[in-house]
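Asks: Those sequence lines, one after another, are chains A and B. With the working numbering, letter number 22 in the first sequence gets 22, and the count goes up by one each step, no holes. With the working numbering, letter number 184 in the second sequence gets 1184, and the count goes up by one each step, no holes.
Read the hints as simulated data drawn from the structure, not as lab findings. Keep in mind that this is a model prediction, so the values were computed, not measured. Please note that the accuracy of each hint is not assured.
What the hints assert, rightly or not - Listed next, with one range per pair, are the computed distances between beta-carbon atoms:
(1) R44/A to G1224/B: 43 to 53 Å
(2) G1031/B to E62/A: 52 to 62 Å
(3) A35/A to G1262/B: 49 to 59 Å
(4) R51/A to Q1175/B: 40 to 50 Å
(5) R51/A to Q1090/B: 27 to 37 Å
(6) V49/A to A1258/B: 47 to 57 Å
What the hints assert, rightly or not - Straight-line alpha carbon distances no greater than 27 Å define the calculated DSS-like cross-link-like pairs of lysine-lysine that follow:
(7) K1127/B to K1078/B
(8) K1173/B to K67/A
(9) K1033/B to K1078/B
(10) K1127/B to K67/A
(11) K1127/B to K1163/B
(12) K1163/B to K1173/B
Stated by the list, open to error - Facing chain B, a subset of chain A residues (Cβ under 7 Å, in silico):
(13) A15
(14) V17
(15) A18
Note that CB positions come from ideal geometry on N, CA and C, so glycine has one too.
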Amino acid sequence: MGIFDFLRSRPQNTASVAKERLIILVQQERSARGAPDFLPLLRRELLEVIRKYVNVDTDAVEVQVQKDGGHEVLALSVALPEKGAPTMAANEA
Amino acid sequence: MTENIVVTSGKGGVGKTTTSASIAVGLAKRGKKVAVIDFDVGLRNLDLIMGCERRVVYDFVNVIHNECTLKQALIKDKRFETLFVLAASQTRDKDALTQDGVQRVLDELAAEGFDYVVCDSPAGIEKGAFLAMYFADRAIVVVNPEVSSVRDSDRILGLLASKTRRAELGDGKVQEHLLLTRYNPARVAAGDMMSIADVQEILGLTVVGVIPESEGVLAASNSGVPVILDDGASAGLAYDDAVARLLGDELPMRFIEAPKKGFLARVFGG
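Please put together the full structure from these sequences, using the hints given.
Replies: And the structure:
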């Protein structure tokens, strides 16, 4: 690093950005691996049903099969919108 | 015992064929009897990298379709007595490969006393790539320190654990090796490129070799001499180390530190 470096704008460390993105992605893809084929469709249909009542984002529903000891658990998680965001019902009213 | 080694990656252009050629040569250089097979039907290139493109008469697909014998199709390397190349067909499509046919060729190579069969996989996860990995005992997963390559490598690792003969028979795991290629220590030091440790952490595997980005690789492919034979190229030396590690030697990684900057470069920025 030279004494005049402060004159240049410091570029962001892109390697660490790449690493963080990949760690999340690889973890997600590994958990989807070997899971039943119907999961993506199930996720989509659940999303449609939930959106009839709550205006959630398209990536708000997560469906995962988790191994818990000897048996498998179907885990659903739905991220609800923040308070104040209008629901579908409210929109119709 | 013949060992089948697949060189694979998912992503194209990361150095599979360069790696296949150098690993095969490195093993033959150590006296092993080696066949290296190009599974990239329709887009063959191993013959060019090995420098035997003008001696291809019969190819892998001809053998599978009984249009010639295996002996007729094996091209003997001019540099090493115990090294043979089996070229891919340039004219047929990928469906020309069949699982039974590939198995028959591998069985015949085993019966001929080959120590290693190196299978150069095509990019992607289609039939050619699937058949290249299916019979593998070991896999060399070639990865660049770059997001799409790392992601694809993880996908390939998943397939190695499920879509191979060993996985299906429950016959022990395919032994996985990670080979990091096109590594640029100066860019890693500058924070522009993921480090060896980063890639190892993401994929959960240790590397069997780190091949630095080197002008020698292009020079080698230009001249049809696998880069491992170039003692003056850092990539060649790094490949030779990787082969030694595959055979069980423990060697420290070389060429992974950025060259030290001189005093003036440090003061005024490089």
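Asks: Confirm or reject each hint.
Replies: Hints, verified against the model:
1. R44/A to G1224/B: 43 to 53 Å: holds (52 Å)
2. G1031/B to E62/A: 52 to 62 Å: Holds, at about 54 Å.
3. A35/A to G1262/B: 49 to 59 Å: Since the Cβ atoms of A35/A and G1262/B sit about 55 Å apart, the hinted range of 49 to 59 Å holds.
4. R51/A to Q1175/B: 40 to 50 Å: Hint holds: Cβ distance 47 Å, inside 40 to 50 Å.
5. R51/A to Q1090/B: 27 to 37 Å: violated (52 Å)
6. V49/A to A1258/B: 47 to 57 Å: At 55 Å between Cβs, range holds.
7. K1127/B to K1078/B: violated (31 Å)
8. K1173/B to K67/A: Distance ~21 Å between K1173/B and K67/A Cα, so the pair holds.
9. K1033/B to K1078/B: Between K1033/B and K1078/B the Cα gap is close to 14 Å, so the pair holds against 27 Å.
10. K1127/B to K67/A: Violated, because 31 Å separates the two Cα atoms, which is more than 27 Å.
11. K1127/B to K1163/B: Holds - the C-alpha atoms of K1163/B and K1127/B are around 12 Å apart, at most 27 Å.
12. K1163/B to K1173/B: holds (11 Å)
13. A15: holds (5 Å)
14. V17: Violated: closest Cβ of chain B sits about 9 Å from V17/A, beyond 7 Å.
15. A18: This interface hint holds because 5 Å falls under the 7 Å limit.
Hint violations for this structure: numbers 5, 7, 10, 14, all remaining hints satisfied.
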